[in-house]
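4 protein chains.
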Amino acid sequence: MQKRFERNLRILCYETQMGNTFGRIFRVTTFGESHGAAVGCIIDGCPPMLPVSQEQIQKDLDRRRPGQSQISTFRNEGDECKILSGVFEGKTLGTPICVIVENTDQRSSDYDEIAKLWRPSHADYTYDAKYGIRDPRGGGRSSARETIGRVAAGAVAKIILGSAVTLRAWVESVHSISMPLQKDMPAQEDIDATPVRCPHKQTALKMIEFIKKARAEGDSVGGVIRCRIEGLPAGLGDPVFDRIEADLAKAMLSIPATKGFEIGSGFAGTRMFGSQHNDIFYRPDSNSERVATRTNNAGGVLGGITSGQPLDFKVAFKPTATIAKEQSTLSRELADVKVIGKGRHDPCVLPRAVPIVEAMAAIVLADALLAQKAVRI
Amino acid sequence: MQKRFERNLRILCYETQMGNTFGRIFRVTTFGESHGAAVGCIIDGCPPMLPVSQEQIQKDLDRRRPGQSQISTFRNEGDECKILSGVFEGKTLGTPICVIVENTDQRSSDYDEIAKLWRPSHADYTYDAKYGIRDPRGGGRSSARETIGRVAAGAVAKIILGSAVTLRAWVESVHSISMPLQKDMPAQEDIDATPVRCPHKQTALKMIEFIKKARAEGDSVGGVIRCRIEGLPAGLGDPVFDRIEADLAKAMLSIPATKGFEIGSGFAGTRMFGSQHNDIFYRPDSNSERVATRTNNAGGVLGGITSGQPLDFKVAFKPTATIAKEQSTLSRELADVKVIGKGRHDPCVLPRAVPIVEAMAAIVLADALLAQKAVRI
Amino acid sequence: MQKRFERNLRILCYETQMGNTFGRIFRVTTFGESHGAAVGCIIDGCPPMLPVSQEQIQKDLDRRRPGQSQISTFRNEGDECKILSGVFEGKTLGTPICVIVENTDQRSSDYDEIAKLWRPSHADYTYDAKYGIRDPRGGGRSSARETIGRVAAGAVAKIILGSAVTLRAWVESVHSISMPLQKDMPAQEDIDATPVRCPHKQTALKMIEFIKKARAEGDSVGGVIRCRIEGLPAGLGDPVFDRIEADLAKAMLSIPATKGFEIGSGFAGTRMFGSQHNDIFYRPDSNSERVATRTNNAGGVLGGITSGQPLDFKVAFKPTATIAKEQSTLSRELADVKVIGKGRHDPCVLPRAVPIVEAMAAIVLADALLAQKAVRI
Amino acid sequence: MQKRFERNLRILCYETQMGNTFGRIFRVTTFGESHGAAVGCIIDGCPPMLPVSQEQIQKDLDRRRPGQSQISTFRNEGDECKILSGVFEGKTLGTPICVIVENTDQRSSDYDEIAKLWRPSHADYTYDAKYGIRDPRGGGRSSARETIGRVAAGAVAKIILGSAVTLRAWVESVHSISMPLQKDMPAQEDIDATPVRCPHKQTALKMIEFIKKARAEGDSVGGVIRCRIEGLPAGLGDPVFDRIEADLAKAMLSIPATKGFEIGSGFAGTRMFGSQHNDIFYRPDSNSERVATRTNNAGGVLGGITSGQPLDFKVAFKPTATIAKEQSTLSRELADVKVIGKGRHDPCVLPRAVPIVEAMAAIVLADALLAQKAVRI
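Chains as they are written, first to last, in this note's numbering: chain A, 727 to 1103; chain B, 727 to 1103; chain C, 727 to 1103; chain D, 727 to 1103.
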């Protein structure tokens, strides 16, 4: 079988997974397989004497956990986190913070079939090709449960950003249903008003209906999440390669099921003239020395560095790969087979992806904030 | 003045520029200011005994250099490269390869004004905010001349990819003018047939007219570059954070003037159902063990790992910030001033950005290819 | 109090602990405080499909754990390890391997006093200075319990090195008692014959007596550990900065209580002439193409790269800082106070440091071995 | 021939040179072969607005350049440096600083022979084994000319350390001739009083005679360099793995011809009892809050973190490998051959190694100083 892979995949070798770490100073490493003993993360580079508690991390984890509402998976896991190190008497020590969540729901029976075939648009095939081995239970390492470690780390990153910074993500569109364009930051309570996490009530209700209908038909849908961060100082981000928008793009495209990223005007900006797209500097208040721009097509970054205007970006999520409809595929033995998504799954990942987008954004910005302090004169 | 910044930019300190290095094993560091002594790069982690010559690197540099055609800047620089190290008798030594291009055109007179104000949608303001100092001549470090080092490194990266891999980028749209959707890889000669680097002749001519018109009006335009890579083995890319699409997204968003990135179906994919979006595995030839998918909405990656299908992504470029129209802005002293783009500039950066997109893609893939070899059993 | 530090330590700020990660491809991150919930490590970059079991890791952990013999601390902890991720059905997945050891012995009472003063030659003072906070229980992060994570990772690294490589460390001297110079690799059973881990029986017995006497007097002793690795291929190590001897030196000096490192001839080599020190190349067997050197003053490395001769280095350990004699010191309030080492401690760390030296050497070499594969042609 | 290597060296592949970069925030990458077009470095992560000039860098380069005195090589190269980027109007921009020195003395004739054989205790053999290719002219990348880039970077690092920090290295012993033990920092003028850079006049004269005698006999000698740094704040260094002594050990063992490293009491400390070795904290001045220790066996570090006491370490250098005596060795074809060091060389590298030790120490400490600022609260 291995030989066969080597032939049909033109693979020279099997490799280990690198790339489980994100960040330069605030460094997050996640670990764990969906149905192994535990998933979690180590946060290295977190400053000491910050107030961090299990409760706080749990609050964010609860926003991503399954079984929250009738539009997400019915699987119900508590996802209770434990801090193993780095916190002493409620304060960070400045040492590595290890957070774990034990995997309670480990029934493997659902997954016997998956071990033998490659689900369409899942990572089964590429993991087989790359590693020559995979944990088939719940997708193993490629499961969205890996993001638990990201959300836990994001909760700590938000503490570094502090209360001056407001960071919010929300569902902008589901399939063809989009909320009306909104220039300002929506209220958190509007985002949380419905399980779909779209702050525009009427649109949210339409989205929920649409998602329920898709599930009823054994199908799934995707959509767009928008994220906005206000209150950041100018000067964050490290050109040339570590521009803030480049790090955000990487962070977002590293989230499972993402297909695109836009900062500021994004692709729509390509259909504007320079004279329309340029953001004009001015002083909103002649008594203050605050500098602002009349428009924000830049999305809050110039030359890879934050300008002090709100950061504003969008992330595209594909429809969930697991569907309840029968699909053709190939077995590991290269035979034609049929597969139907049995496992409990989300018909639309977006509502639960909102806290993940927030977490990754917080990690990028906390890292940039700490990096900024390294090299002062 | 510094004090003022600290107040109005809420900056705690000035910092150095980090992030001038890209890659994990095949590592590229660029250096140089637009009008300093030289720009260039160091390539570390390049295997030994590869045939590398100045001519080869020069060939790629010539595709990005200014003054190539009547739709690019009139500034004319030879951009002749010199290899300072790492190559002996036409072969790489495996040691760091340093390539430099001396800056011949260093007239500063054009740039006195820029030193005193912040050009709209340029990095003048954010560099002042972050570093407290900048080289105003031609944008200094934020100039597109920095990309010379990237293109030089990309030329070496292509040698690592070898002849089995075909990597091509082209201009898909300029402003509202888009070429017809094309599933297959265009021919290189069609891409190079016109200075705009769009392989569809009629569309290319329209684009050229449109760009000329924009310049005549002292304005500028943006557009979309598409890139496609065929012949890659399955198994490249390192989940979780270093997914191939995440690294490509970072690489592309690190190119000046980029606003968005899409892999495969991208944002359009968010308006599809799972049953339409999933790429079905099959065997194109029952006598061969080759595995393929009937569609490629994934864009060649599953779970962050190449699937053996063509890599396919798009990059959005904003309209050139420098325009010949008068614009309002602020001086470093926060006074209201007017500015008109005097310096010679491109009315549309896309044609010259094509080799840059290719270079960054080649760097990402060469690095992934070398990384894949590190951890075999 | 903080203010006071800022004055008397000329500290500008408090920082977090970075530097909890070692290695480039085979990357080990340790975490945990001595008396927190757990200590452990994450191993990233380990190839897939290697046979790894808890038993194997436990075997190495048992060699470093306290309470093994009458010359080590009386504290008795099982130090039972648990693999949380990265291993499936007895084989590595290529994903991050998280290993933890829960801290069973957490009585804090012993440590109340330590929180209030700075023990001589311990890290209490510098941790206070750097972080402004520390976990005083058992030295917190600066405790030798941190090395549990290293030994666990070393056990996995040894599997990568494989059976062709023989890696052994032993106690060469304790205080002024040294074993006779021995050119060849000692037998493992001779090393393990006595609790002091010196392969020369008569010397070992003298060392044990000496250590017991020191303990009886409430004092402590140091010594030298030697390590030898045979069976390595030529070509490991990455000049310029990542020379194999440079990485070994860093690895060894990162072990608590180390004061020096020598490769090959070491400091004695400085008293030789070049004509004596140079290792002459020859062919030990004219029928074979094997290349060897008549002497090995180099210690197995030339220009930072392994030569195929045995790697041979020494590490100096200072006497244990904790002693049962009364010593003067300062309290955190800068008052003159007395301190007597109450906690159970080793009068000589060397016997238990042997597996730690082996582990760090194995990690350095496994990393070099994997790095070597990355960049082949 | 390659095949032969693969057999007799058990090499699986040839690799590129990684490890040309040192540092985490203040990052130095050196490049260049001894007789290529140029050697030099890129310094990334240097703060902006620091006064840096070619003159300043040249001053340090002149201390390491050949032909300074009758006890160093007769080869005479100006080693004139050029700053290509990162400095504008005498101030750092915070962008990468590229410094190059063109190789004027490139006569290859001397080196034809070296291409065909392996000089004893040189890197010819291991480079052939690892890379399968090498630039034989003057040792190519393994030449001490590589250290030019280190010294240039060190000159910039010293500016970051500032005038509060005093950093000096000197020759403590040559072969068996040692200067009397000296507790305090020697005066710079005493170090520079003789070409051997030993601050103790009578010892210096003996050393010079001894070196001249060795050269007359066609032989070479080694020795020990000691380095002391005063004025550092407490709190530098990042346990666990990036302890200040671990980074210093790596930095020093990365210098060509080094065989050992000691911090504080070093190997001598292994023959002391804990009660003698422990450094007792006290207040030298009851009116001040300054904390000091009565002894400094620690060498200025506790738990990997600077204590505010002077950093004090030693580095062992082996005798120069190139000697004018005939030696036996093997040709690349594995034939027995004789070799005599023809090239102009130093009979003792120590005097010229002093500025290299200083440079590497300055780089380690500047990096630690910048790292310390990253993660403040």
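One should not assume that every hint holds.
Since the list gives no way to pick one copy over another, a pair counts as held whenever it fits inside one copy or between any two copies.
Said to hold, decoys possible - With a straight-line cut-off of 25 Å between C-alpha atoms, the simulated DMTMM-like cross-links for lysine to aspartate or glutamate are:
no. : residue 1 : residue 2
1   : K817      : E839
2   : K1064     : E806
3   : K808      : E828
4   : K1064     : E1015
5   : K817      : E828
Hints are computed from structural coordinates only; laboratory data are not their basis. Computed from a predicted model, the values in this text were never measured in an experiment.
| Which earlier hints can't be squared with this structure? | Result: hint 2 breaks, nothing else.
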